[in-house]
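If you're matching them up, the sequences are chains A, B and C in order. Numbering of the first sequence is given in this note's numbering, commencing with residue 13 and proceeding in unit increments. Numbering of the second sequence is given in this note's numbering, commencing with residue 2 and proceeding in unit increments. Numbering of the third sequence is given in this note's numbering, commencing with residue 38 and proceeding in unit increments.
If you're looking for bench data, these hints aren't it; they were derived computationally from the structure. Be a bit skeptical, because a hint or two may be false.
Stated by the list, open to error - With a straight-line Cα cutoff of 30 Å, these simulated DSS-like cross-link-like pairs (lysine-lysine) come out: (1) C:K167 - A:K224; (2) C:K391 - C:K378; (3) A:K78 - C:K126; (4) A:K261 - B:K244; (5) C:K167 - C:K306; (6) B:K368 - A:K261; (7) A:K78 - C:K167; (8) B:K334 - A:K287; (9) C:K247 - C:K384.
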Amino acid sequence: MKRFWSANNFTLTALSMLMAVVIGGVLIIISDATVLAKFGYFTARPSDAFESSWLLVSTAYADLLKGALGDPAVFSAWFSGEATWQQAFAPISETLTYAAPLVFTGLSVALAFRGGLFNIGAQGQAVLGCIAAGVAGFTFGLPIALNLIVAVVAGVLGGALWGFIPGLLKARTGAHEVITTIMLNYTAGLFLAWLVIQQGIQAPGRSDAISKAVAESAQLPSPGGVLRVHLGIILAVLTTAGVAWLLNKSAFGFEIRAVGANPHAAKTAGISVAKTYVLLMAVAGGLAGFGGATQVLGTAHALTPSVAGNIGFDGLLVALLGRTRPWGTLFAALLFGALRAGGNRMQSFSGISLELVTVLQALIVIFIAAPALVKAIFRLRASRATGLGASLAKG
Amino acid sequence: MANDHIDITVEPGEVHALLGENGAGKSTLMNQLYGLLQPDEGQIVVNDEPRVFKSPRDAIAAGIGMVHQHFMLVPVFTVAENIALGAEEVRGGPLGWLDRRRSRRDVIETSERYGLPVDPDALIEDLPVGAQQRVEIVKALTREVDLLILDEPTAVLTPQETEELLTVMRSLTAMGKSIVFITHKLKEVKAIADRITVIRRGQVVGTASPDTSEEELAALMVGRAVSLEVEKAPAEPGDSILKISGLVVDDDRGVRAVDGVDLEVRAGEVLGIAGVQGNGQTELVEAVMGLREVRAGAVHLEGEDLVGRSTKRILRSGVGYVPEDRSHDGVVKEFSVAENLILDMYDRAPFGNAFRIDGDSVASNAKHRVEQFDIRCQSPASLVGALSGGNQQKVVVAREMSRPLRLFIASQPTRGVDVGSIEFIHSRIIHERDQGTAVLVVSSELDEVVGLADRIAVMYRGRVLAIVSPDTPREEIGLLMAGITGDTPEGAK
Amino acid sequence: MQRKEGVLRPVRGKRIVAILAAGGLTLAAAACGEAPEESGSTGSSPAAVAAYKACMVTDLGGIDDKSFNASAWAGLQAAKAEAPSVDPKYVASSSEADYEPGLRGFVSQGCNFILAVGGLMGEVTTKVAKDSPSSQFGIVDSSSGSPNVYPMQFATHQAAFLAGYLAAGYSKSGKVATYGGMKIPPVTIFMDGFADGVAQYNKAKGKDVKVLGWDKAAQNGSFADSFIDQSKGKSIADTLVGQGADVIMPVAGGTGLGTAQVAKDSNGKLAVIWVDQDGCTSAAQYCEVFLSTVVKNIEDAVKQAVVKGAKGEALAASPGYLGTLENDGVSLAPFNQFESKVDPALKAELDKLKADIIAGTVKVESANAPK
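Bound-form chain A, shown alone (with noise of 0.2 Å):
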């Protein structure tokens, strides 16, 4: 216990988020009406404004909890035979399918910054995966296996690419990453929004802008009906642990950590720089990319302007709250995606907006970034646990 109360990582995140989760409680009493009303005769009678506040929230989060981890009424529900188990894993099989591409998209983002580099076109290199996935998956009509392979592969290429261009400029020019980043995931979007309408990339029969869909064997296998998960949240976990292991085991990831700690003394023991970040960057898009081909192979089956969501943007805060470590982000991932898969169900059962979710994101991200502050509000012991603004700051 009085472990706990030191200042160290774990602490922070967990009082972090029930500091979002307090705020958000707020949030949701405020904006609801009737509740509000009671609070209008809060002085005649407190108890019904504390009763029916105490009741929203409630039922708010309970639902935010049932919609990520599963409903315990359907679990016994299953036991006696009146649902089925595919129902009872439905959320569960939600928050996996959320998270698996922020998975890519973090380490993505993790594994630039560890190297230095503050990788914003994770967004846009996603977007290139999502297209080279997608035009490979109903292109080629390879037979199973082989056909998701190829997809899978175009996917990470095509990533690879977006970011190998920041790379290169990087290290040829010096132009700055976080710039030519930007610019590149603009020029992904629009590129994506004109593709998905051209002949033989659009959907026969269809004047909107949606492509052809993935074929079958290109598809990410899925329990299909209500079990949206596939494959890719498992490729996910191994890709954590590969990401793992080149960071911290191999040659390639010595450079990276080498370059982004001090460049300037990686350089004198003969590391070349130069080519760190440009590998890195195209590793790091590659990464992206994975996380643009799992959404389109396993999720979404075909291109739409709109099909790579955020999930580039929101790789960043992933990797910021896993504090840029491969496991660390894994579990901000599966984190995220259990906020947004609890956040359908909030929205649709108890009518709070889906976007108080995105409140609760962005509130636990400034928490974990502002460590001062929740160690004041909870007057922690100060221990050597670096906040994530000094992990930051190295960069």
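Please arrange chains B and C on chain A, whose structure you already have, making use of the hints.
Same frame as chain A, but now just chains B and C:
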């Protein structure tokens, strides 16, 4: 525990030197005096009055100022703006505007009163290190302090700048100010201090007067007898290893820094390059190491052309390199000692290959080197950033000497390194020479060059003015460093 | 005042309370009102017993798009007014990936009627409907093969045909224009009808009024690629005016407001034909520039379907609902402030044309029309 029941008294108008190795607890002590740290026990008494300093603001109010080892200046601000920072002259209430004219006037006034010339309108980033330090001192003096703490002020200065600083310190004490002078450089202590307190491992181990010999002071500091002379047998030079001819190199701003240098280093000898910092030594060495573009000329290592090779290939051809700026170029502070020890060998046997790194062999190598080079750290897994400067430097030296070498280049090998470590590093360099390695040492400390070198090349404005024997009188070398050739024949060229 | 103290008091544990209090500051002013009488029940509304849950999933436009999401929601509200057992709710989608969980969420909640708004949700609605054969779905602007999906579609081209005829008759420059928000059938169907209406006018009068912004034969024209970007609507309008158009029909939701602004600034030189809901109601600030509106009566269609469902009547997937001029599912809105500016002869021709379309003597066709 960084400080263990230390008592120290500073009288008005004296220079009180606080002598101790890196990590002995000098800075910790002074940070308490300046309100940056709070003591667990004991008290601070100023003019017979016990005081508690919660922040530097309190310390300044009590008349105590401090100039840190790393300057606390904003590079893009002018001198006057930096000095005003934290005590801005504001007109028109809390939301008023800065009174720049008055700040400027204050600066000029203070600098004239104490004879510390500074240009109030110059940008900090344009000033040399010595001038920046002067700005820090003026900044403290404008706060009307009586006691000035100078934390390792000469660590970053050239010999000339050091001399100027000592003059300033003398004039300040003459005007009644007291100075606490933190250092580990014995010569300076003897030259300026009125009283000397020696600290070792957080405790006062003795006080001394300025006429104590350097050997005695060093022994007090390190806790054992230290040899200040470099002990070495006469060199037995062999074949020519490094041959530099007609080398021309530009600095970062595109200005010619090395302007036609010819040098030769033979196996089994130490060639020392003496010169005031900024005369092209840095650029010369960086060009040899492939870190800087060669404009013209040639660099050969036993006949192999090094120009155009990558730094990695040069290191792999049997060249060891200790860069002059340790924390900038030498170590990755966020890395462990073990990782820093393989920073240029990580992808070669036995530590790894192009793909993976073998953690076990990295660890056993670290264990071995830490013992061999007497690196003081909690464990090889400790972060290098947590080590003292001397131990960081030992990490760099250990790394660069841990493979068969043909040529060893060391720039400022003992800058910011404590006495005990200096002795050790010097002995390793001589040891390397005796193994038959060609050694090139660049140092702006003349003592070091004279002590180590078998031949001395003096550089001035990008050229080698002369190559002289270490027996040459100091004055003569000093004149050469100032660019005065006098009756010396044409020199190296 | 007490609250302020709470914020400042540095006692552990009080701070969270303080934040809660700060959040509730807005409530403080009226906190002294009187409590209502305790009601006997525990708060469940009487409708809850036999509630007919009508649940709607919006598309990316969100519930406040002032266009078809808003219309559909208004339809649910209207249904509740008519049949009190109707209990409407909605979820807004923030990305395409949200459509499926939105629909499935309502399935697991046991909604009686699940409404997908917008043709873009067609495929996913079919998929979810197949997995949940016992639930009743509805979809706006799309058809579906599933027996449990009630399609609500609109022969918008019929009304747009009238608008095209009106525009051609009203135009003095001989050039009229249209542009779309996105190249999707529910948009281009308007443009097809508009172009045909102009062609009909040219044929009847032997004139040569040109249509800018849409080529029906090539199915190609101007698109803003946005339903919300007003500045885009402005710049497209400027371009079209530069080419000589004096009547523009933007089929682009909020983007069209930019065009209305251009018309307002032109002092009567440019007139706008609005779409979906009567412009003088949905964008009243620009009423003075709206020549007329091609009305697509989503609200009524949704209302009728829900009320029917609430009464226990079956919603047959085939033929579903098709809004036409005949059943007033689509129509040309009143001229409002242009009442006096439109030639009575032209009005008479429009009435005649409408009757002819209903009777089938004038055929209006579009490749984008619902099948």
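Hint by hint, here is what the structure shows:
1. C:K167 - A:K224: holds, 21 Å
2. C:K391 - C:K378: Between C:K391 and C:K378 the Cα gap is close to 20 Å, so the pair holds against 30 Å.
3. A:K78 - C:K126: holds, 19 Å
4. A:K261 - B:K244: Violated, at roughly 39 Å.
5. C:K167 - C:K306: Violated - the C-alpha atoms of C:K306 and C:K167 are around 53 Å apart, more than 30 Å.
6. B:K368 - A:K261: Roughly 19 Å between the alpha carbons, so the hint for B:K368 and A:K261 holds.
7. A:K78 - C:K167: OK: A:K78 and C:K167 at ~25 Å, within 30 Å.
8. B:K334 - A:K287: Holds, because 22 Å separates the two Cα atoms, which is no more than 30 Å.
9. C:K247 - C:K384: holds, 21 Å
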